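Given only the sequences and the hints, what does the whole structure look like? Please build it.
For the record, the sequence lines run as chains A and B.
Quick note on my numbering: the first sequence kicks off at 1 and runs consecutively.
Quick note on my numbering: the second sequence kicks off at 1 and runs consecutively.
What the hints contain is simulated information worked out from the structure, not anything from laboratory work.
It is possible that some hints are incorrect.
Claimed, not checked - Covered by chain A, per the in silico footprint, the following chain B stretches (three or more residues, Cβ under 8 Å): (1) 144-156; (2) 407-415.
To be verified - Beyond 10 Å from chain B on every Cβ pair, some chain A residues (computed): (3) 22; (4) 61; (5) 91; (6) 125; (7) 150; (8) 157; (9) 187; (10) 192; (11) 220; (12) 243; (13) 259; (14) 267.
Here the structure is a predicted model, which is why all the values come from computation and not from measurement.
Glycine included, every Cβ here is placed at the ideal spot set by N, Cα and C.
The residues making up each chain are set out below.
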Amino acid sequence: MYKVIMTFLLFVIWTSTSYAKDLLFLSNGATTGMLVQLSRFFASDLEKDGYLPQIKSTNNNCALAKLMWDQSRVPTLMLTSHYGDGLTDINNKMCFVSIKQEELLYWVYSTPYVFCSAGNKTWQDLLIPNSTHTIAIPHENRSLRLLEEISKFYNIKIKPVKVESSVHLIPMIKSGELDFVFRTGITEFEDLKNKCIWTTKNENYQKLPNGSKYLSKLNIDLSVFSLNSYIVGKNISTQDKEKILKAIQNGWKSEEVQKIFTRRNFDSNLVSFQNKQEYDDKIKYLWNLIYQ
Amino acid sequence: MFEIVISTILGLIAGIMTGLIPGIGTTAFLLLSLPLLVDQSLLFCVTFYCVMSATSQYFGSITALCFGVPGETTSLPLLSIRSRLENENKINDSIYISAIGSLIASIFSIFLIINLIPLFSHWFFYLKSYVSLIFGLIGFVLCVLYSNNKILISFLFAAAGWFLGKIGYNSITQQAFMTFDVHYLYSGLPALPIIIGIYAVPNLLQSIFQILKMPNTFYNFNLRFNKNNLLFINIMPIMRGSIIGFFSGLIPFIGSGISSLLAYTIEKKINDKEYIKHVAAAESANNSANLSVLVPLLSLGVAIVTSEYVLLEILSNNSVSISWKFIEQQGYLIFVSIIFSNFIAFIFALRLINLISKLILKLRYMLPMFFIFSIFLSIFYYGLGNHQEYWYLILCVVSSVFGFLLRKFDLLPFTFAFLLQNQIDVILYRVSQIYF
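This is how it looks when you write it as structure tokens:
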């Protein structure tokens with residue numbers, strides 16, 4: 001009897017390690033947030049290609065996500081959002097995951113920053129010397145530094161307010177506490193419609209001019225101001241990498257995923273690719289964008 | 001449409017159970033319903049909560065009047081006059097008057113709410129950060145002053161809640177507080193396992209003790225008396241209770257809890273020995289207050305009672321929030337559900353009272369056990385989604401032990417400070433940035 005049980009157990013272990021292509025799919029997003037939602041779409045396409053993806057979300061606990069990433073010995077994917085996530089914040093010692101360029105697998109989306117008026121103030125009002133303005137920015141230091149530069153150059157006083165999400169931002173706009181907002185995904189806000197002044201994107205995004213025209217006197221590269229989400233991978237063989245990429249690309253092209261991107265005004269053209277060369281170029285561009 | 005029907009039915013069932021099971025309040029039952037609410041839409045969660053909150057009061061008085069065990073804390077005034085009602089052979093009258101009083105008060109409240117919500121929603125002044133800070137601080141002071149503990153003890157509880165709430169990484173200051181490089185502590189202590197442990201588990205354990213004290217016979221209710229006459233005599237106390245309840249419900253953090261006691265005390269002054277009138281006023285007041293607490297929640301997305309904090313926590317986990325646009329578009333569905341469920345609750349409370357009483361007696365030992373099992377299962381499930389299931393379970397067990405040991409104290413100051421620490425911290429930051 002003992003032998004039978006042992007043989008059965010060994011068979012189970014052997015089959016599970018030999019045939020099931022286990023894949024750990026990590027995400028630090030909220031359980032019901034967009035990152036986890038996207039992970040699910042990608043995972044379903046990976047499943048169709050014979051993988052067994054196991055999605056693990058740490059619900060905004062980036063330290064736990066980093067621990068799981070560091071300790072993983074199986075093929076692992078992680079969907080993260082640059083500057084929107086502690087995992088990519090170099091100042092966040094417990095969360096920052098140092099990745100290599102070859103671990104960068106797939107560029108999922110990109111969305112530029114937009115500068116909008118939250119009340120009646122115009123760009124000209126902002127530049128009046130010695131004037132004071134309250135501007136909402138995301139929880140990252142680049143925007144803070146940009147506002148400091150603008151403040152110094154034009155001799156104006158800027159009160160930056162870090163606001164985490166639109167849930168908090170909208171009441172602040174409605175109550176008239178903010179003069180301007182500088183962040184991603186705000187052009188469709190009811191209270192900001194037709195009030196956006198410039199964007200950090202080079203092309204004609206939402207029919208808005210590029211911010212460099214407004215800040216031409218300052219030596220600032222606005223192209224780095226974008227929110228980028230991408231998938232990194234580790235313990236993945238070259239052969240598996242190609243299969244995984246194809247599955248993710250299928251998921252990315254699916255109607256459900258494209259609906260999410262369209263709703264949020266994400267730039268699909270910037271991240272999409274048709275062949276190996278284009279893929280390599282895009283990954284290189286992304287690497288330079290996030291680590292320059 | 002399907003969603004609203006399901007959430008109304010489930011909210012009604014939850015309201016009936018919350019009212020009937022002694023010791024289980026809206027907060028505890030909302031926490032128990034967590035697996036049901038995770039991943040649900042905003043409309044589903046809000047309707048479920050509103051219906052549960054509105055209907056639970058119909059049934060809290062049943063256990064108080066039939067068994068002498070309060071189903072809800074707001075049924076305590078009934079308990080104090082139950083023996084007198086029994087001596088005067090007026091339990092039947094009391095059950096009827098508390099049900100009809102609850103219905104009238106609910107309709108009265110809904111009418112006022114529908115008129116008040118649009119008014120509230122245009123007061124953008126209320127959304128200013130410093131107003132939130134002032135409300136938060138007033139709430140904090142009220143919690144400390146009006147809890148059932150000595151002021152110093154309440155203050156210490158609030159301080160402990162604040163300290164525990166502060167643990168974690170602060171993305172604004174980019175500094176960690178008391179995380180000791182423990183990965184699980186980095187995102188802070190999760191609110192729900194701790195609040196479930198502090199509130200729900202000790203509540204359930206206490207309900208087991210209360211159920212054990214129940215008599216083995218049940219009160220046989222019948223409706224063979226002149227109901228119209230009874231209603232006519234008591235219409236004024238019902239209206240007084242409804243008005244007192246409505247406005248006391250708007251007082252943050254203490255309103256709904258004191259509404260029935262306040263109406264009962266005032267009615268006692270007006271009609272000293274007319275106990276049925278006391279019942280009418282107290283029961284109308286708690287239904288009215290239970291609906292008026294929804295005004296700030298539905299108009300501004302602001303919580304003023306513990307159960308609403310829990311609801312907002314669940315909504316935030318679901319990445320949704322209550323907005324004026326949502327109320328404008330779907331608010332009527334919620335109000336229709338509340339009105340409908342109030343009528344159903346009224347009919348159930350009168351027609352099924354004998355069946356319910358029998359059922360409670362039969363299942364009385366099983367129900368609390370079932371709920372305790374459900375609590376830990378729901379925490380495990382909730383943690384599983386965040387890959388922190390054992391961590392959540394450990395936290396729930398540890399806080400249950402603390403909750404049980406401290407059951408004699410009012411833990412509202414702790415809960416208030418713990419749940420609001422992050423928000424008040426953020427608001428303080430905003431006020432300092434914008435106004436100074």
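If you test the structure against every hint from before, which numbers come out violated? 1, 2, 4 and 5
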